[in-house]
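Given next are the chains, with one letter for each unit.
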Amino acid sequence: MAKGLARRTIVVAKVVVWTACLTPFVVLCIDAFTNQLAAEPVKDIQHRTGLTALIILLVTLAVTPLRRVTGWNELVKFRRLLGLFSFFYVLCHAVTYFVFDQSLSPALIAEDVVKHPWVTVGFTAFMLMIPLAVTSTQGWIRRLGSRWTKLHRLIYAIAILAILHFLWLVKKDVRDPYFYGTVALVLLAARLWPRAQRRVHATKPLPS
Amino acid sequence: MHLLSKPLLPTRDITDEKTFVDRRAFLTSIGVGLAAGASVLSPRLAAAAPAFRRWQGEEDKLTPYADVTGYNNFYEFGTGKSDPAQNAGSLHPHPWKIEIAGDVKKPGIVDLDEFLRPFQPVERVYRHRCVEGWSMVIPWSGIPLRDIIARIEPGTKAKFVEFTTLHDPKQMPGQNRSVLPWPYVEALRMDEAMNLLTLFVTGVYGKPLPNQNGAPVRLCAPWKYGFKGGKSIVRIRFVEAQPHTTWNIAAPEEYGFYANVNPTVDHPRWTQAREHRAGEFFKRKTLMFNGYAEQVASMYTGLDLRANF
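For the record, the sequence lines run as chains A and B.
Quick note: the first sequence uses the working numbering, first residue 1, plus one each step.
Quick note: the second sequence uses the working numbering, first residue 1, plus one each step.
No lab work stands behind these hints: they were computed from the structure.
Below, in silico cross-link-like pairs of lysine-lysine (BS3-like), each with a Cα-Cα straight-line distance of 25 Å or less:
| no. | chain 1 | residue 1 | chain 2 | residue 2 |
| --- | --- | --- | --- | --- |
| 1 | B | K61 | B | K285 |
| 2 | B | K97 | B | K207 |
| 3 | B | K81 | A | K172 |
| 4 | B | K105 | B | K157 |
| 5 | A | K43 | A | K172 |
| 6 | B | K159 | B | K105 |
| 7 | A | K171 | A | K115 |
| 8 | A | K77 | A | K14 |
| 9 | B | K285 | A | K43 |
| 10 | A | K171 | B | K81 |
| 11 | B | K283 | A | K43 |
| 12 | B | K81 | B | K207 |
| 13 | B | K81 | B | K285 |
| 14 | B | K170 | B | K81 |
| 15 | B | K170 | A | K172 |
| 16 | B | K97 | B | K170 |
| 17 | A | K43 | A | K115 |
| 18 | B | K81 | A | K43 |
| 19 | A | K43 | B | K61 |
| 20 | B | K61 | B | K283 |
| 21 | A | K115 | B | K283 |
| 22 | B | K285 | A | K171 |
| 23 | B | K61 | B | K207 |
| 24 | B | K81 | B | K61 |
| 25 | A | K171 | B | K283 |
| 26 | B | K283 | B | K81 |
| 27 | B | K106 | B | K157 |
| 28 | A | K115 | B | K285 |
Chain A side only, calculated, beta carbon under 8 Å to chain B, not exhaustive:
| no. | residue |
| --- | --- |
| 29 | A39 |
| 30 | F100 |
| 31 | D101 |
| 32 | H116 |
Glycine included, every Cβ here is placed at the ideal spot set by N, Cα and C.
Please construct the entire structure, taking both the sequences and the accompanying hints into account.
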């Protein structure tokens, strides 16, 4: 039996998560309205929202391994919240691109997506995130049953696409995408490891 | 002064006076007396002030000083856009020596201040287009490169001019990482170097070049992508064979030797048809040769610009 977290701890944690996730957006808004964005305002917005989305996505991916290690099952309550915050930043990222970079022109967007691999993977990741955000409600979880779990495994593909999007965008200095890529790989590998363990244990008599 | 006597971009005359007034007002507002600021490097820069010309179209407003000097690609001080402004304090641009090398009448090392003394600085407001897809409008000051080359007197074997940036990780901390093969090398074909537009830049906004913009001297060929303008130059070499240039070595399929601004030849990873002007949210169309076709297109007649990007 896993040790539970106190109710108060969970409330405090929720406040911390909301504050942490909203801060980058609030700072961005303040900078935008006080003319503090970089010389390329659109790039600045895109880089900030893109990086924030990626970091929150990685934190989301850390929930399950952390839960297994600590036994704090309540952590799962934060997974949807984090996932939706990541999607919120991806949405800001994508809308900025559609409006300012491509002037909402379907032809320009299509050309960019088809021609440039880093845009292709970024666009795909965005598209794949939409059904996950839509089906994040209790109603959809109930309706989809076991298929919900399968559908939401798309998050692993999305993480990899997001890393590729970052890596292929960078001109020469690949330190940042390598760093976040390593974190992503560790988090994905952490999922394989306990499963392998469980399989090994399954062949032996379980300790009572 | 002969360069200044004939306007090369007729449209700018319309906005000439207004822009000039705006500019003076701006300089005053940031607390920089034109003469006071310029005189740090050379008193003649200040003297040249009344003759400033606007090399810009009607829609081109000057990019604010804070953006010109705070948003830079200068990997010698870090790869982030604000890194150069933050880290370039370790560069000591005075005194500065430059080596004149290759096929020239008198090779050797010269003191920059002494070398520039006989020249009359001019101001040129140029569009600056980065290969990454952003652009600025910058009031440079400096000496037309052709005047400098005339003084150096290169020989008949000089087909290219190569510019080498300082290589000193103590002054340029970004060189401690091999993001690029150091030192940074750029080059122009001889006719490009002799073009009326090509400027040996010593200042910006009527002030000496800040370290993060390539102090004490950098190159500017405004019809080419920004990376062609080598900064903090320590060697000028006249050679017969086309030099190997840094970005071309680093990623030959993405950055060519010519690097002429060309909206019809895309970068492999993004379009070059449009650009973000600093401070603007919507993109504007990129102009052929960055809007300087009239001055430079004839140099490339018969050259396949798609193959020689």
